[in-house]
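Participant: If you're matching them up, the sequences are chains A and B in order.
Going by the numbering used here, the first sequence opens with residue 1, and the numbers climb by one from there.
Going by the numbering used here, the second sequence opens with residue 1, and the numbers climb by one from there.
Because the hints were derived from the structure by calculation, they are not lab data.
Be aware that one or more of the hints could be misleading.
Cβ-to-Cβ under 7 Å is the rule here; a few derived chain A residues that face chain B [claimed, not checked]:
1. L10
2. G89
3. I91
4. A92
5. P143
6. I152
7. I153
8. T157
9. F289
10. V293
A virtual CB, placed ideally from N, CA and C, is assigned to each residue, including glycine.
These are the residues of each chain, in order.
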Amino acid sequence: MISIILRRVLSLVITLLVVSLLIFVIMDLLPGDPATIMLGTSASPETLAALQKQLGLDQPLPVRYLAWLAGVFRGDLGQSYTYGVPVAGLIAERLAVTLPLALMAIVLSVAIAIPLGVQAARRHNGVFDFVAGLFSYISIAVPAFWVGLLLIILFSTMLGWMPAGGFPGWDAGLFGGLQALLMPAVALALPQAGVLTRVARASVLEVMNEDFVRTARAKGLSDGIAIWRHAVPNALVPVFTMLGLQFTFLIAGAVLVENVFNLPGLGRLAYQALSQRDIIVMQDVVLFFSGLVILMNFLVDLAYLVIDPRLRAGAQ
Amino acid sequence: MTRALRRPVFLIGFVITFALFAVALLSLVWTPFPPTRMQIVQRLKAPLESGLLGTDQFGRDVASMLMVGAWNSLSTSILAVALGASVGTAIGVFVAMRRGWLELVIMRGCDIVFAVPPILSAMMLGAFIGSGRFTAIIAIAVFMVPVFARLTLGAALQIWTRDYVTAATGMGRPKGRITLAHILPNISNQIIVQVTIQLGLAILTEAGLSFLGLGMSPPAPTWGRMLADSQTFLGQAPWLALLPGLAIALAVLGLNMLGDGLRDLLDPRDNS
Numbered sequence: 001m002i003s004i005i006l007r008r009v010l011s012l013v014i015t016l017l018v019v020s021l022l023i024f025v026i027m028d029l030l031p032g033d034p035a036t037i038m039l040g041t042s043a044s045p046e047t048l049a050a051l052q053k054q055l056g057l058d059q060p061l062p063v064r065y066l067a068w069l070a071g072v073f074r075g076d077l078g079q080s081y082t083y084g085v086p087v088a089g090l091i092a093e094r095l096a097v098t099l100p101l102a103l104m105a106i107v108l109s110v111a112i113a114i115p116l117g118v119q120a121a122r123r124h125n126g127v128f129d130f131v132a133g134l135f136s137y138i139s140i141a142v143p144a145f146w147v148g149l150l151l152i153i154l155f156s157t158m159l160g161w162m163p164a165g166g167f168p169g170w171d172a173g174l175f176g177g178l179q180a181l182l183m184p185a186v187a188l189a190l191p192q193a194g195v196l197t198r199v200a201r202a203s204v205l206e207v208m209n210e211d212f213v214r215t216a217r218a219k220g221l222s223d224g225i226a227i228w229r230h231a232v233p234n235a236l237v238p239v240f241t242m243l244g245l246q247f248t249f250l251i252a253g254a255v256l257v258e259n260v261f262n263l264p265g266l267g268r269l270a271y272q273a274l275s276q277r278d279i280i281v282m283q284d285v286v287l288f289f290s291g292l293v294i295l296m297n298f299l300v301d302l303a304y305l306v307i308d309p310r311l312r313a314g315a316q
Numbered sequence: 001m002t003r004a005l006r007r008p009v010f011l012i013g014f015v016i017t018f019a020l021f022a023v024a025l026l027s028l029v030w031t032p033f034p035p036t037r038m039q040i041v042q043r044l045k046a047p048l049e050s051g052l053l054g055t056d057q058f059g060r061d062v063a064s065m066l067m068v069g070a071w072n073s074l075s076t077s078i079l080a081v082a083l084g085a086s087v088g089t090a091i092g093v094f095v096a097m098r099r100g101w102l103e104l105v106i107m108r109g110c111d112i113v114f115a116v117p118p119i120l121s122a123m124m125l126g127a128f129i130g131s132g133r134f135t136a137i138i139a140i141a142v143f144m145v146p147v148f149a150r151l152t153l154g155a156a157l158q159i160w161t162r163d164y165v166t167a168a169t170g171m172g173r174p175k176g177r178i179t180l181a182h183i184l185p186n187i188s189n190q191i192i193v194q195v196t197i198q199l200g201l202a203i204l205t206e207a208g209l210s211f212l213g214l215g216m217s218p219p220a221p222t223w224g225r226m227l228a229d230s231q232t233f234l235g236q237a238p239w240l241a242l243l244p245g246l247a248i249a250l251a252v253l254g255l256n257m258l259g260d261g262l263r264d265l266l267d268p269r270d271n272s
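Working from the sequences, and respecting the hints, build out all of it.
Facilitator: Pasting the structure below:
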């Protein structure tokens, strides 16, 4: 077990290194020089040279990459050009919005999808199954940021129940923060819930007719208990796999939804960095997000080993 | 054909997709009004008050903008998926032919590319080469490559184990020839289904990119930018936010249903 985990960790580290190298090289290959992009074309040659030196652009690529990598290990991601503060601090600050938002969305989507999927499987081919199917078709098709706009129209401009956007900060109290994140989280959760409902339904259907579920019923457990206690836990593995795979889309959705709701999160940071041409911030945020996706998939992989003893045996 | 008619998912998907293509193509030759014509006196008119679906903050006809938006969204997405699917499929079948360490490297590579959401790669690209249709197409296509590489590799590996392929190998046929003659035709159904579904995803992504201003440059109307512009008028003119979103959702719904329907229809194992 330990050796498997070690091997996975090693492969994770290699993948992360390759990602960072790739993004670095691609940024380098793209036409245009970061210093010129950041300063605009009207900058004097002296300012340009000074910034190039400050960014280390006068150094060859391998040197810059290694210097950046060494910085990452020290927790130093460079200085933001527009904000004039360390990027690591900026990311940490914005993460305090994006991370709770993503977690709320994940919890919400699972809370919607599992009961819906399980019931749909139990009422296989019935009316409930049809409605659940319709729900997943529609929720997969609607863009999360549009759902956000609809929620604002309904709950903010028409009913006036919720703030239309912005974030009061966690210092203003837990309730205010959670309230500001609720609508964005719902918008983000809906498309995910559609995908997960399908997976949950399919995997419960598959497990439902297995011997151990039949045995559970035969020994006198009610249908509901047999399903929830025996079928559902076994059907969860594909659901969590999908959750891991969907993480990329969750992040993409967060970038958009944060912009709809004016939330000071990582996605909005990346977007602002783009419009302010703050290349260093953008590069760091992209790397951070990609790293997060890879880490998430790694955790899902590990979770399997914990959940499913068969996989442990298989991996050995 | 009668089998197709009996499948509601396929049928609904087909009708919606057909309508989408029809509207997009129609917009090339006819729209109720020129989509970029501004009439400030007619600004923010509700649906049916001016034109079929009302007007926006510049008095432009929303119905006409949606029609041209359908073409812009569809053409961008088709180009992106075509590019991503061809490169991905080429990689997939090539790796299936060679196997070995190449397979490992390519699959890890796919994981890595897949880890960067297209919105972010579009931002990176946008910063360097400027935003616009080209940036959007490349960003979406890059994301599609691993999807098709994985799909075709898995499917092609299965075909390589078939008896007729073994026979062809035994007869000394070169692997490249076998790939073209046996592998590709036998995995084409799966590719077609995936293209349909990814087209829906591409439309969704394109809308997101245009929403952030990373799509086609103005004044070309896109569904995403219409939504972005509507944000200022949510209280006054909610239809400006409703209609483009509805168009996106309908287009994606149609393509997803068509893809699912095609999958059922093209699956040779299922003859019920």
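Participant: Now look at each hint and say whether the structure bears it out.
Facilitator: Going down the list of hints, with the structure as the test:
1. L10: Status violated, d = 13 Å.
2. G89: violated (21 Å)
3. I91: Cβ of I91 of chain A sits 14 Å from chain B, so the hint is violated.
4. A92: violated (19 Å)
5. P143: holds (6 Å)
6. I152: holds (6 Å)
7. I153: Check passed: Cβ of I153 of chain A comes within 5 Å of chain B, closer than 7 Å.
8. T157: holds (4 Å)
9. F289: Holds, because the Cβ-Cβ distance from F289 of chain A to chain B comes to roughly 6 Å (cut-off 7 Å).
10. V293: holds (4 Å)
Checked against the numbered hints listed earlier, the structure breaks hints 1, 2, 3 and 4; every other hint is satisfied.
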